Amino acid sequence: DAKTTQPNSMESNEEEPVHLPCNHSTISGTDYIHWYRQLPSQGPEYVIHGLTSNVNNRMASLAIAEDRKSSTLILHRATLRDAAVYYCILRDHPANAGGTSYGKLTFGQGTILTVHP
Amino acid sequence: NAGVTQTPKFRVLKTGQSMTLLCAQDMNHEYMYWYRQDPGMGLRLIHYSVGEGTTAKGEVPDGYNVSRLKKQNFLLGLESAAPSQTSVYFCASSYLRDRVTYGYTFGSGTRLTVV
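Here the protein sequences line up with chains S and L, keeping their order.
Counting from 784, one number per residue, gives the positions in the first sequence under my numbering.
Counting from 2, one number per residue, gives the positions in the second sequence under my numbering.
Hints in this document: simulated from the structure, not taken from any laboratory.
Any given hint could turn out to be false.
List of simulated lysine to aspartate or glutamate pairs, EDC-like, C-alpha gap at most 20 Å [to be verified]: (1) S:Lys-887 <-> L:Glu-31; (2) S:Lys-887 <-> L:Glu-53; (3) S:Lys-887 <-> L:Asp-39; (4) S:Lys-887 <-> L:Asp-99; (5) S:Lys-887 <-> S:Glu-799; (6) S:Lys-887 <-> L:Asp-63; (7) S:Lys-887 <-> L:Glu-80; (8) S:Lys-786 <-> S:Glu-849.
Footprint (simulated), chain L over chain S, 3 or more residues, beta carbon under 8 Å [unchecked claim]: (9) 815 to 829; (10) 889 to 897.
Examples of chain L residues toward chain S, derived with CB under 10 Å [said to hold, decoys possible]: (11) Tyr-49; (12) Tyr-65; (13) Asn-66; (14) Arg-69; (15) Cys-92; (16) Phe-107; (17) Ser-109.
The model shown is predicted, which means the values in this text are computed figures rather than measured ones.
Yeah, the Cβ is synthetic: ideal placement off N, Cα and C, and Gly gets one too.
Same shape as in the complex, but just chain L (with noise of 0.2 Å):
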């Protein structure tokens, strides 16, 4: 049972680079999220998905991307990486029964330090 898989635990980029964070699940999850989390504050939305080959924006979209071709998959982008996007970054996944949604799991996390 892996549940969310997230990869890579720690990165560190220079500003301006561009890297993409991979969050793969296994319990065929309707529902993926990525949230960041940042030093005394909590968790916030970034992007989520409702099923294969949609996403949407949350709360805290600008600087990033997302993809999700396949349902286990959901890809979190950088394209042009800036200080203020050093974070730890979290995925979760959760399913859909009677139009509402149960079993939220959440990966370990990647720390990201951009310098």
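Just chain S, same shape as in the assembly (with noise of 0.2 Å):
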């Protein structure tokens, strides 16, 4: 599986827009790029995924370098409930090579964001 390599920690004030980046210099032309996230005590949590074009939904925004070589999961304002340890994970994507995918996410250390009131 291609790595991903991200900050260990940022930190970010309450209701200010977090950038946080990831290096994926070895993705291939098939593989996605997927974000979750992890709160305190509990499992980690879809929060977006994206192939080519920035991808926008509720929880973030995911900007994608022309290169693809690496990404910014943008949350617009933080709140103190966003504190978590965010994963960027490039997916297996076999299912381009002719066969079915089993779809496992592998995580690395993440980053640990921390939100100040």
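Both chains are sitting in their own frames, so use the hints and assemble them into the complex.
Right, dumping it as structure tokens:
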């Protein structure tokens, strides 16, 4: 699986935007970029995913570099409830190689986001 | 909408004891997974299942067994617990569409301590 690199930690103030970076220089053409987050004492939850174009949903926006070697998760107005570990994951995608993906999510260390009131 | 339910939420075992962790999902998902998470580490895949009656090994399968007798349930067994299996265990499920999996949903975890 292609590897991702994220900062160990980031800090933000409440109601300010947060930009969480992720580098994935070895991404293949068929890898989707997924973001999950894990709130304290909870299981991971899906945030957003994309392939080439920028994506928006109710939780966040995903900005993908033109060469796809990096991406940024954007929380437009951080709240205290956004304090979590954020994981950038490249999806195991052998479906495009003719097989069915069992869909393993490979988690790295993630970025610990602290939000100050 | 229960999603993915894990039982028990907490458990303390003595070395050598056995136990089974239960994962139940009500979303009719085909795929189910068991992960473990240790302090300072990301989640690591133990075993997974692509459908009823099928299971396969993940990254760290040693010391664990699994069964998927019903589509909605995925059981993780520890036959002889060891202190190294002290961890938080997460179950997840996903569905398959056009040969790609979507909709990953995780349970809230089981915190297991082996003394």
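Hint check:
1. S:Lys-887 <-> L:Glu-31: holds (13 Å)
2. S:Lys-887 <-> L:Glu-53: holds (17 Å)
3. S:Lys-887 <-> L:Asp-39: holds (18 Å)
4. S:Lys-887 <-> L:Asp-99: With Cα atoms ~16 Å apart, Lys-887 of chain S and Asp-99 of chain L stay inside 20 Å; holds.
5. S:Lys-887 <-> S:Glu-799: Status violated; Cα separation ~34 Å.
6. S:Lys-887 <-> L:Asp-63: holds (18 Å)
7. S:Lys-887 <-> L:Glu-80: Distance of about 25 Å is beyond 20 Å: violated.
8. S:Lys-786 <-> S:Glu-849: With a Cα-Cα distance of about 18 Å, the restraint between Lys-786 of chain S and Glu-849 of chain S holds, given a limit of 20 Å.
9. 815 to 829: holds (count 7)
10. 889 to 897: holds (count 5)
11. Tyr-49: holds (6 Å)
12. Tyr-65: violated (16 Å)
13. Asn-66: Hint violated; Asn-66 of chain L Cβ to chain S Cβ min 18 Å, cut 10 Å.
14. Arg-69: violated (13 Å)
15. Cys-92: Nearest chain S Cβ about 8 Å off; hint holds.
16. Phe-107: holds (3 Å)
17. Ser-109: holds (5 Å)
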